[in-house]
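If you want the building blocks of each chain, they are given just below.
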Amino acid sequence: DTEVTQTPKHLVMGMTNKKSLKCEQHMGHRAMYWYKQKAKKPPELMFVYSYEKLSINESVPSRFSPECPNSSLLNLHLHALQPEDSALYLCASSQTGGDYNEQFFGPGTRLTVL
Amino acid sequence: AQSVTQPDIHITVSEGASLELRCNYSYGATPYLFWYVQSPGQGLQLLLKYFSGDTLVQGIKGFEAEFKRSQSSFNLRKPSVHWSDAAEYFCAVVPTGNQFYFGTGTSLTVIP
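Just so you know, the sequences run in chain order E and X. To get our numbering, take the position in the first sequence, counting from 1, and add 8. To get our numbering, take the position in the second sequence, counting from 1, and add 180.
The set of hints was computed from the structure by calculation and includes no laboratory data. The beta-carbon is built from N, C-alpha and C at its ideal position, and this holds for glycine as well. Don't take each hint at face value.
As the list claims (entries may be wrong) - Computed footprint of chain E on chain X; a stretch qualifies when at least three of its residues, placed anywhere within it, have a C-beta under 8 Å from a C-beta of chain E:
{"#": "1", "stretch": "209-223"}
{"#": "2", "stretch": "279-292"}
Claimed, not checked - Okay, the calculated beta carbon distance ranges per label pair:
{"#": "3", "chain 1": "E", "residue 1": "K49", "chain 2": "X", "residue 2": "S250", "range": "27 to 35 Å"}
{"#": "4", "chain 1": "X", "residue 1": "D234", "chain 2": "E", "residue 2": "K49", "range": "43 to 51 Å"}
{"#": "5", "chain 1": "X", "residue 1": "Q251", "chain 2": "E", "residue 2": "N65", "range": "29 to 37 Å"}
{"#": "6", "chain 1": "E", "residue 1": "M35", "chain 2": "X", "residue 2": "S250", "range": "32 to 40 Å"}
{"#": "7", "chain 1": "X", "residue 1": "R249", "chain 2": "E", "residue 2": "L122", "range": "34 to 42 Å"}
{"#": "8", "chain 1": "E", "residue 1": "K48", "chain 2": "X", "residue 2": "R257", "range": "33 to 41 Å"}
{"#": "9", "chain 1": "E", "residue 1": "S70", "chain 2": "X", "residue 2": "S252", "range": "34 to 42 Å"}
{"#": "10", "chain 1": "E", "residue 1": "R71", "chain 2": "X", "residue 2": "S260", "range": "45 to 53 Å"}
{"#": "11", "chain 1": "E", "residue 1": "N78", "chain 2": "X", "residue 2": "A197", "range": "26 to 34 Å"}
What the hints assert, rightly or not - Below, a list of computed lysine to aspartate or glutamate pairs in the EDC-like style, where the Cα atoms sit at most 16 Å apart:
{"#": "12", "chain 1": "E", "residue 1": "K49", "chain 2": "X", "residue 2": "E195"}
{"#": "13", "chain 1": "X", "residue 1": "K229", "chain 2": "E", "residue 2": "E60"}
{"#": "14", "chain 1": "E", "residue 1": "K48", "chain 2": "X", "residue 2": "D234"}
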């Protein structure tokens, strides 16, 4: 299995809602990532987890809260978002240690904040 | 400053024509280099990667890329473009560790 899955595919939420994005991989990868991507722009790194511990937080607002409950699962909890947070949220995973390996990306969750 | 540059924001080619997408980077040592493709509303798919060794790298879907150390470039090529190749293409660089630095992307349009 060389796939990263993300749910839901689409999400519409109001500014007062609380929702979560889910990402899952079964490739044995121990590094997982959240990216935000606006239309016609490259992905922007938000968070990196390595061995289930948060290793990089790219100064992301606290209304985004990541969680890595186990080595296969990565969540992104959303609360009190703003319309400018509307974007495609991509999850990725990679091996860690030794020679670098590429990141495998999921299909993304298209988020719209009303 | 360290950077990844894709000078062409948008390229239009005719189906069957050849294609070259440019990527330049500015890092001290030779980084790991990647090309990804993204169809509208989709995630990123890896086309090819360069870590070391042979500077001409073959990828999926008939793509290849050539690493030129003297020019700090990693240009993507395809000899004959298909309509299904229309997409956004991102060059990515990993200087050290696992952190990717993406170029700004090149949007490819293929006309019949």
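Of all the hints given earlier, name the ones this structure violates by number, lowest first. Violated hints: 4, 7, 8, 11, 12, 13, 14; rest satisfied.
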